[in-house]
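Here is how the chains run, residue by residue.
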Amino acid sequence: MSAIIENNQLPFSAKFLQFYKDRTLLAILLSLFAVMFIYGIFFTENYLTITNFKAIIRDAALYGIMAIGLTFVTLSGNFFLLSLKETASICGVTFAMGMATGFGSPDLAGNFLVSLLAALAVGVVSGVIQGYFVGMGGNPIVVTLGGAGILYGIGAWWSDNLVINFTRPHDAEWLGTGSFLGLPSITWSFILIAIAAEIVLRHTNFGRKVYLVGANKAAGKATGHENFSMAIIVFTICSVCCAFVAVAFVAQMDSAQSNYFSAEFGSSGDMTILVIATVMVGGNSIMGGYGSTLRTSLGAIFIAMVDNMMVLQGFNSGPRIVGVGLMIVFSIIVFGLFAKGSRAQE
Amino acid sequence: MENFLKKITKDVDLSFAILLSFCVYVFFAINIEVFFSHNISFAILERFAVLGLVGLALTICIIAGEIDLSIGSNAALCAVIVVKLTDPLGAPLAMIIGLSVSTLIGATQGFVIAFIRIRAIVITVGTLMLLRGVALLIAEEKTVMLTDFRVPDFITTKVLMYFSPASLTVIFIFICVGIFMRYTKYGREIYAIGGARKEALTAGIPLRRPMIIAFALSGFCAGFAGTVIGLKSGTAQGLGLQYLLLAGTVAAFVGGVSILGGKGGVLGAAIGALTVNFLNTGLVFYALQVHFVQLFTSVLLVIVIVFQTMSRVFDSRQARKSLLATIDERKTSLLEKKRSALGK
Numbered sequence: 001m002s003a004i005i006e007n008n009q010l011p012f013s014a015k016f017l018q019f020y021k022d023r024t025l026l027a028i029l030l031s032l033f034a035v036m037f038i039y040g041i042f043f044t045e046n047y048l049t050i051t052n053f054k055a056i057i058r059d060a061a062l063y064g065i066m067a068i069g070l071t072f073v074t075l076s077g078n079f080f081l082l083s084l085k086e087t088a089s090i091c092g093v094t095f096a097m098g099m100a101t102g103f104g105s106p107d108l109a110g111n112f113l114v115s116l117l118a119a120l121a122v123g124v125v126s127g128v129i130q131g132y133f134v135g136m137g138g139n140p141i142v143v144t145l146g147g148a149g150i151l152y153g154i155g156a157w158w159s160d161n162l163v164i165n166f167t168r169p170h171d172a173e174w175l176g177t178g179s180f181l182g183l184p185s186i187t188w189s190f191i192l193i194a195i196a197a198e199i200v201l202r203h204t205n206f207g208r209k210v211y212l213v214g215a216n217k218a219a220g221k222a223t224g225h226e227n228f229s230m231a232i233i234v235f236t237i238c239s240v241c242c243a244f245v246a247v248a249f250v251a252q253m254d255s256a257q258s259n260y261f262s263a264e265f266g267s268s269g270d271m272t273i274l275v276i277a278t279v280m281v282g283g284n285s286i287m288g289g290y291g292s293t294l295r296t297s298l299g300a301i302f303i304a305m306v307d308n309m310m311v312l313q314g315f316n317s318g319p320r321i322v323g324v325g326l327m328i329v330f331s332i333i334v335f336g337l338f339a340k341g342s343r344a345q346e
Numbered sequence: 001m002e003n004f005l006k007k008i009t010k011d012v013d014l015s016f017a018i019l020l021s022f023c024v025y026v027f028f029a030i031n032i033e034v035f036f037s038h039n040i041s042f043a044i045l046e047r048f049a050v051l052g053l054v055g056l057a058l059t060i061c062i063i064a065g066e067i068d069l070s071i072g073s074n075a076a077l078c079a080v081i082v083v084k085l086t087d088p089l090g091a092p093l094a095m096i097i098g099l100s101v102s103t104l105i106g107a108t109q110g111f112v113i114a115f116i117r118i119r120a121i122v123i124t125v126g127t128l129m130l131l132r133g134v135a136l137l138i139a140e141e142k143t144v145m146l147t148d149f150r151v152p153d154f155i156t157t158k159v160l161m162y163f164s165p166a167s168l169t170v171i172f173i174f175i176c177v178g179i180f181m182r183y184t185k186y187g188r189e190i191y192a193i194g195g196a197r198k199e200a201l202t203a204g205i206p207l208r209r210p211m212i213i214a215f216a217l218s219g220f221c222a223g224f225a226g227t228v229i230g231l232k233s234g235t236a237q238g239l240g241l242q243y244l245l246l247a248g249t250v251a252a253f254v255g256g257v258s259i260l261g262g263k264g265g266v267l268g269a270a271i272g273a274l275t276v277n278f279l280n281t282g283l284v285f286y287a288l289q290v291h292f293v294q295l296f297t298s299v300l301l302v303i304v305i306v307f308q309t310m311s312r313v314f315d316s317r318q319a320r321k322s323l324l325a326t327i328d329e330r331k332t333s334l335l336e337k338k339r340s341a342l343g344k
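Here the protein sequences come in this chain order: A and B. Each residue of the first sequence is one higher than the one before, starting from 1 at the first, in my numbering. Each residue of the second sequence is one higher than the one before, starting from 1 at the first, in my numbering.
These are computed hints drawn from the structure, not numbers from a lab. Here the structure is a predicted model, which is why all the values come from computation and not from measurement. Take the hints with a grain of salt, since some may be wrong.
[Unchecked claim] To be clear about the criterion: a stretch of chain A counts as covered by chain B if any three or more of its residues have a C-beta under 8 Å from a C-beta of chain B, and this derived list gives those stretches:
(1) 70-79
(2) 137-147
(3) 315-323
[Claimed, not checked] Here are some, though not all, of the chain B residues that point toward chain A, as calculated from beta-carbon distances under 8 Å:
(4) LEU130
(5) ARG208
(6) THR281
(7) PHE292
(8) SER311
[Stated by the list, open to error] Result set (SDA-like, lysine to any residue): computed pairs, CA atoms no more than 20 Å apart in a straight line:
(9) LYS185/B with GLU199/B
(10) LYS221/A with LEU160/B
(11) LYS142/B with LYS221/A
(12) LYS217/A with ALA196/B
(13) LYS54/A with LEU312/A
(14) LYS263/B with ILE141/A
Here a beta-carbon is modelled for each residue, glycine too, at the ideal position from N, C-alpha and C.
Using the sequences and the hints given, assemble the complete structure.
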C-alpha cells in the first residue's frame, strides 16, 4: 500500500523513468526487431514476402511452443530442463509407434486419438518423475541431465534406433501439414497456446503462485506454497508442450526416430539449447519471478527471423550458431547489468 | 591409516563413492574373465586421461558453487584448434595455443560471472552455443584431419606397463590441482565462495579472483581433454564431444561433490571418473549400442543424486530431532530448577 502512495507522489519525470525502466528489456527487444526488420527489407532478397513470413512464424512455432512450456519452469525458479529434446523424441517415437502398429493391437493402428493420448501420457509421466526429484531438493540441471540420458536410452531401445514410418493418408495430416485460413495448424496452435499461457499466468490463481514461488521461495514456503507441488506441475506442463511439438513434427514427417530432435534440427544447433535460448533472448529472468510468455513468444519469432535472414543470405550453420550464441550472451549480459543491485540475482 | 579411516567414515559421500566404484569393478571382474588384466587396466587408465580431466573440471566448478555447461564445446573448440594447427606448427606449439585459448575462455567466463554476479548456468548455456559455432567456423563445417597420423603417436606409447604419457600427465595434473586446492590460499578461497558465499564475501574474500581461477582451471582441463581426444583420433569436429558434459557430471557427482558447493575434492573426482570408466569399459564387452551406455551412465547419476538427496534430508531431520531434544532437555531442567526453587 505504501509503495502505491509513494509512487503517486513521485514527479512525472520519475514516474516516466520508472515506467521506462520496467519496460527497458521489452523496448530493447522491440528496437532490435525493428533494426533487423529494416535491414532485412533493404539487404535481403525475397525477405518481404508473405510466404517468407509464414515460414518464419512456422519455424518459430515449433520451438516457441516448447519455450512457452519452459517459461513456466523458469518463472517458478527451477532454472530449465536439459531433457527437452529427449522428452520430445521419446514422445515422437510413442506417437509414431501408435500410428504405425497401434502398440501391438492392429485395431488401434493409425488411430490418431489413442496415439496422441499415449504420447501426451509419456510426456506427463516423464514430467512428473523429473518434477518429483526436483521438488525433493535435487538440482534441476543435474536431475534433467540424468533424465535426458535415460529418456533417450529408453526411446532408442524401444525403437531399436530405427526410423519408424507410417504411410499417408493418415488421421494426423491436418496437424502436420494441414492449414486453416491460410496459416498452418502448428502456427494456430502456437498462437492459441501463447494466448492460453498468458491468460493462465496473468489471471489465474495458479499463475500468480508460479510468480510467487519463483520470486521468493522462502516467502512461498511460509505462505504454504511449497516448491514440491509447484515443481511437479510446471515440469509436467513443460513436458506436455514438448510432447505436443513432437506429435506435430512427427505428423508432418510421417516418421520418427530417437534422434530427430538432436543436433542440426531445423535451425542452428540442438533443440534443447535453442529452446533455452528462446526463453533467455525474450528477457525472462532465469532466476525466476520475472518475465512472461509474451516475451518468450517474441523471442522465438526474433530468433526465427534472424535465422531466416541468415539462411537467405547464404550463411552456413557455423555463423548461424554463432549468431544465436551471441544473441543469448548479449541478452544475458544486458539483463544482468539492468538487474544489478536488485534482488533478482539471488 | 587411522587418519584415513576417520576421514572415510566422516565423509559419507566419499565412502559411498568408494563403495560404488568397488561394486561396479567387482561386478565386471566377476562377469568378464579378461576384465582383471594388465591390458584392460591400461585401457581404463587411457580413458581416465579424458574422463578424469572432464570430471576434474566440473568438480572444481561445482566446488565453487557453480556449474559449467560449456565444457563440451570448449573441448571441441580446443580439439579443432590443435588438430588444425598441428600440421603447420607441430604438435607442441599447437597444444600450447589450444590450451591457452581454452584457459582464456574459461577465465573470461569466470570474470563475467563475478562482474555481473549472475549464475554460471545462465552464461554457460550461451557460451555452449557460441563456442560450438566458433568451433564450426574454424573447422569450416568439416571434419578436421591430420595429414600425418604418426605425429601424435607419442601420447599413446606404453610406459611402465599401465601408463602412457597422456595418462601420466593427467595424473600429474590431478596431483598439482589437489595440492593447489588443499594447501594454497587461492584454493581455499574457491571452497569458501562455494560453501558459504555470503559469509566469505563479508569476511573480505574477493569474488572475482577465486571465480576466475576456478573457471580458468576448468577451461584448461576441458581443453586438455579435447586435445588428448583430438590428437589420439587425429580428427576433430565442431559438433562433437557433447557427451563429455554428461560423463563429467556423473564423474563429479559420484565423486561426492554437493551441488550446493564447497564440498568434495580431487580424490573424489578421481574415484568418480574411475567408476564411470569401469562402467564404460565393462559395457564394451557386452557389445551394446551407444544409447545403452548413455542409459546406464544416467542411471548411475540418478542413483547418486537420490542417495545425496536422501542423505541430505536425513541429515536435516536428524539435526532437527537433536535440536528438539536439546530444547526439551533445557525445558525440563528449567522446570526442575523452578520446582526446586518453589519447593524451598
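The hints, checked one at a time:
1. 70-79: This one is violated; 1 residues, fewer than the three required, reach chain B with a Cβ under 8 Å.
2. 137-147: holds (count 9)
3. 315-323: holds (count 8)
4. LEU130: Where the cut-off is 8 Å and the nearest Cβ of chain A is about 3 Å from LEU130/B, the hint holds.
5. ARG208: With Cβ-Cβ at 15 Å, over 8 Å, it is violated.
6. THR281: THR281/B check fails; min Cβ-Cβ to chain A is 18 Å, beyond 8 Å.
7. PHE292: Cβ of PHE292/B sits 6 Å from chain A, so the hint holds.
8. SER311: With a minimum Cβ separation of about 11 Å from chain A (threshold 8 Å), the hint on SER311/B is violated.
9. LYS185/B with GLU199/B: holds, 17 Å
10. LYS221/A with LEU160/B: violated, 59 Å
11. LYS142/B with LYS221/A: It is violated: about 52 Å lies between the C-alpha atoms, which goes past 20 Å.
12. LYS217/A with ALA196/B: Within the cut-off at roughly 19 Å; holds.
13. LYS54/A with LEU312/A: Cα-Cα ~15 Å, so holds.
14. LYS263/B with ILE141/A: holds, 18 Å
When each numbered hint is compared with the structure, violations occur for hints 1, 5, 6, 8, 10, 11.
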